[in-house]
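All chains should be modelled from the sequences, with the hints used to inform the complete structure.
Residues per chain, in single letters:
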Amino acid sequence: MSAEEAGIVKIALVSCGSEYSGVQPEFEEAAARVNAKFVFPEIDIASIDNIGKEFGLEVASGDLRLMMARAKAVVEGITHVDGVFITTCFRCAEGAIVRNEVRRYIHKHSNIPVISYSFTERTSAGTLLTRLEALTTVARRRHLLAREVQTGLTAGIDSGSTTTKAVVMKDNRIIGTGWVPTIKVLESAEEAYSRALKEAGVSREEVQALGTTGYGRFLIGKHFNAQLIQEEITVNSKGAVYLADRQKGPATVIDIGGMDNKAISVEDGIPGMFTMGGICAGASGRFFEMISKRLGVEITELGALAVKGMQEKVTMNSYCIVFGIQSLVNSLAKGSAPEDVAAAACYSVVEQIFEQQLQEVDVKEPLILVGGSSLIEGVPKALEELLKIKVLVPRNSHLIGAVGAALLASGYVEE
Amino acid sequence: MAKVFIYPVNSLILADLVERYGHKPLAVMNQVREKVTNISLDSPPVNITPEDPKIGLRYAAVEVPPGVRGRMALIGPLIEETEAAIIVENPPTNFGCVGCNRTNELMKYLVREKEVPTLEVVYPESEEDAREFVYKIAAFLESLPKEKDKVGEKKGEEKVEEEKAEGQEEEQ
Amino acid sequence: MTETKQEEITKVIVISSDKVLPVDAAMKIYESEFPVTVKETCFGLIVTGPADDVLEVVENIRQLDKNHIFVKDRGFPAGDERRCRASRGGGPRPGFHFLREEVKMLPAIGAALDELEEKEPLKEKTEGKGKLKVSDLERIIEAELAR
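Same order as they appear, the protein sequences are chains A, B and C. Here the numbering used here runs 494 ahead of the position in the first sequence, where the first position is 1. Here the numbering used here runs 1076 ahead of the position in the second sequence, where the first position is 1. Here the numbering used here runs 1 ahead of the position in the third sequence, where the first position is 1.
Hints are computed from structural coordinates only; laboratory data are not their basis. None of the hints are false.
Selected chain A positions facing chain B (in silico; Cβ < 8 Å):
#, residue
1, Gly516
2, Gln518
3, Ile542
4, Ser555
5, Asp557
6, Leu560
7, Cys583
8, Phe584
9, Arg585
10, Cys586
11, Thr614
12, Glu615
13, Arg616
All C-beta atoms in this analysis are idealised placements derived from N, C-alpha and C, irrespective of residue type, glycine included.
What follows is the structure, given as structure tokens:
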């Protein structure tokens, strides 16, 4: 991190009661870890009376009106901040409505990066870290994110919860790849990286810069002495628009990972809004793995099977990974065809992404689908049917994080 | 002396009047004090820790958001001590521990459920209103037993019936 | 729990008086030599110290103009970092706005207390007071309905 990047990032905390929920210290800890500081925007008390009218949203809770007033203070520059973190209690409808509208308001009226989150009393600093890291990165490293071409010889490793991916890139081309299941974080990273290096025919010493991302980014970043250690929101946004060759203008990136999903609204390759799901594994790669097992097919064959089926023929009455699988097994027992069950599984996942993630993120075309699950052909098909828009799955879409990391790492080659 | 629950729980006017008439206001400030001066806790700013929303489960189920339960961990114990209550309707916009309307609805409900002498008044908006407001509160506080052992004494009961007949103050 | 000699408490004194200025009240406390911390604010004073001392100080101040000086408890000690604007990164503390609203109403509350004191030996004549209240209540009901 350069001196310029090391400065403290000021984040406006727009919340209705994190300090009454026992999570405030977790917020502070996560902020401190990314060298950010929360500030509480100054407001004009008179604005509280009219704020409901201004938003067209009149709510009963004073603290929610205070959130709107604080957002207004940020947009109008009364309080100068580098980013905004909007958060309300999980399961509060009034809070959720205000949280979403306030986020849209800031996005519409300013260029300040915003992320939103709903917390429970169990929210930990770890959970918040990725979000704050992404927020501070956007605030801090706009110049790095402007990079559109990979230069020199660089590598990226994406240590995901289910699989570890590695790529070696040279002069804007992928010359080696590795894709292994994540068993032990370091060993799997070693293996994926070694495979990529071998395929590329280069040695570790020749690689000019390395970037790491994913769940294990800190551990492997330290182990391999990476130049860039970066959360996956920023990296995947960059990787997606790079692979899909849509680096300019708006785009929406949906990443279906092994354990959680991300929906990111991107502008010129820079993430604006995003949501991360992680509450249920029923909408993740893990679900597909389990379904493949029950259907007795390899996960690589599941997609082709799903494309042949019709999801309408199978009733799925739960998004839960346990009950969802049970539903599908029941359907099989009642005589449903495996291809219909596979199609239903794909549809269930995208439906859940639609209901949980896309509600908070504007869907602007092109929609770029990435992550291992994007290779299951039934998934983009189901997503297209659901959203009625064309879904783009770029080549090497499963290597998204590693490619993004290698691309961004090339920013360190010249240094 | 009666322990009087006040709503808004942080009201200067209500806390002052209750004390002025010789009773004890059950104000949230004292709960906050207990929290923030307890040096064994370190969860700034108000020292509400993840344990508090669990304490709040006494008042609301787990499906109720943590912000409500955390606030109830502060306010619930006050409701348990309540011997009388003054509830002001339509107070000005309120933030912080009373910034969540769901919590406020719940706390007022729990107080009414207790069936202790309760005065419900509207927040004054003019001088005239303010006079009525003070008179009502003064009369209500006067009607409450000064000593604990005088609860239910004759005079108090008559007063109570009269108020009920007028249908303005809720007294159960 | 913490071990304490005597419980420390904090009171907010809001002065809405023509006769007493916050600075007068503060001076009176300084002169009294009670071991309390006093902080002047735009509304009055914040007093922190051992419970007995604070209660006595507050009562003394209140007596300067008892119907126009108002008191409530405060959770945080005077100048607590966790509530200080400078250290918590701007924005007034949550209770501030409501206090400000209430302060606007204090002259009227004070006037009502004065009137109550003049007219009504309230403690003896609760019955009479009750009758007076009925008409007041009717008027309020009518006023409310007419709105």
